[in-house]
Structures are given as structure tokens and as C-alpha cells.
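The task is simple: from the sequences and hints, build the whole structure.
Sequences listed follow chains S and L, in order. Residues 618 to 762 in my numbering are what the first sequence spells out, letter by letter. Residues 9 to 80 in my numbering are what the second sequence spells out, letter by letter.
Incorrect hints may have been included.
Claimed, not checked - Have a look at the derived ranges for each label pair, beta carbon to beta carbon:
(1) S/Asp653 x L/Thr41: 36 to 44 Å
(2) S/Ala647 x L/Arg65: 17 to 25 Å
(3) S/Arg660 x L/Ala71: 53 to 61 Å
(4) S/Asn685 x L/Arg57: 41 to 49 Å
(5) S/Arg702 x L/Arg44: 44 to 52 Å
(6) L/Ser50 x S/Glu623: 16 to 24 Å
(7) S/Pro681 x L/Leu28: 24 to 32 Å
(8) S/Arg702 x L/Gln20: 38 to 46 Å
(9) S/Glu699 x L/Asn69: 42 to 50 Å
(10) S/Ala647 x L/Arg57: 25 to 33 Å
It is worth saying that the hints were derived from the structure and are not from the lab. Note that beta-carbon positions come from the ideal geometry of N, C-alpha and C, so glycine has one too.
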Amino acid sequence: MLDEKERLTDSLITQKYIAHGYNTAATEAANSQLMDTFMNILRDEQQIHKEIFNEMKSRGWYQPKEANMNDIRQNFSKWSQELQRVQSNALQAGAKQAGTQQIGVQQTGYQTGIPQYGFQAGIGMPQTNEMQQQNMYRSPQNPMI
Amino acid sequence: MQLTEMELFHIQEQLRSEALAIAKCMTSARQSTDPRLQQMYSRVADRHRSHYETILRNVQNVAPQGQFQTQY
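See the structure below:
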């Protein structure tokens, strides 16, 4: 037979496992009503987990080690910078993509307006960069390129 | 209302887990020597039982027993 501490530990692990199952079940539910059911139960499972955790903690059977204050500070500064880096990268990539899309729009207009391909660029077509010119001369056989 | 195979799979998994949790809590309530923990285990068992019944009701709504029998 398990002792008191082992029983509580077993219950805690069971709760963790069950909560994990409900999280997956809610995430993969196509039916909204069922999703709500899973999420409501998930919340209750987490509360049970917390109650068991508190019982263990009050008996000194579960003492999570506190993180080092310097590690916390270092992490804060590191991840603050990371957010800036990721966001500015995404913005730059977005600016490039917006440029490409603009070319696409111009081409569509040009293709519908003038059905011939390989015509001389420059007639009513703004030439802003080399990439745009290459796009204008692309072969009609490979519209995806 | 319909259920996907994935949903039915998760329903079975969770019902299985809840049933086991009920059994374990009932055993723990009996084995524990701490009255406070005995009570906690009993209450938790009741909550798991309530989860089990809630899920079962969802299944029943999708496929009522009467409809089930006429189909097969």
C-alpha cells in the first residue's frame, strides 16, 4: 500500500495526465458544444490539481525550488530583445512581400488589359527595379514562376 | 449535431481516465488515515464522477438510445 505522500503524488500525476487529455480533446474538437464541455472540465481538473498541490505543499512534500533572481533578470532582458528582433524581422519580411504582391497586381492588370506577353515593357508600366522587369518578361507558359 | 472520429476517440480516452480516477480516489479515501485527505479524496471522486456524467450526456445528445436501436 502506498503511504500518504505517495498517494498524493499519484493523484497529482493523475490530474496532470487527465488535464493534458482534456486540453488535447478541446483543441481537436470540431463540435463547439463538445469543445466547451471539455474546456469546462479542464478548468475543474486544473483546480483539483491545485488543491492536491496545496495539500502537499502545506505538508512540505512538494517544495518547488525558487528560480535565481539573476537568472530571472537575465531572461527578462534576453526575451525582451528577442521580441524586438522577431518583430522587426517580420516587418522587414512583410515589406519585401508587399513589394512582390504589388508586382503581381500590376501584372494581372496588364495581362487582362493586353493579352500579349513579351511586349516591350515601359508602355504605361512603371519600372522601379530589376525584379519587376524580370517579372514582366516572364513566359506565359510558366505563369507560376 | 455529429461527432468526428477524433472526438469519439477523445471521449473514450477521457471516460477511461475519469473512471480510473474515481476508483483511485475512492480507494485513497478509504486507505488514508488523515481525515482531511479522506474528505478531499471523496470530494474529488465526486467531481470526477460529475465529469464522467457530463461527457456521457454529450454522447447521449448526439446519439439518443432510441435512435441508436432503430439504426442497427
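Status of each hint after checking the structure:
1. S/Asp653 x L/Thr41: 36 to 44 Å: holds (40 Å)
2. S/Ala647 x L/Arg65: 17 to 25 Å: About 19 Å separates the Cβ atoms of S/Ala647 and L/Arg65, which means 17 to 25 Å holds.
3. S/Arg660 x L/Ala71: 53 to 61 Å: violated (27 Å)
4. S/Asn685 x L/Arg57: 41 to 49 Å: Since the Cβ atoms of S/Asn685 and L/Arg57 sit about 43 Å apart, the hinted range of 41 to 49 Å holds.
5. S/Arg702 x L/Arg44: 44 to 52 Å: Given about 51 Å between the Cβ atoms, the range holds.
6. L/Ser50 x S/Glu623: 16 to 24 Å: holds (19 Å)
7. S/Pro681 x L/Leu28: 24 to 32 Å: holds (27 Å)
8. S/Arg702 x L/Gln20: 38 to 46 Å: holds (45 Å)
9. S/Glu699 x L/Asn69: 42 to 50 Å: This hint holds: roughly 46 Å between Cβ atoms.
10. S/Ala647 x L/Arg57: 25 to 33 Å: Because 27 Å falls inside the window, the suggested range holds.
When each numbered hint is compared with the structure, a violation occurs for hint 3 only.
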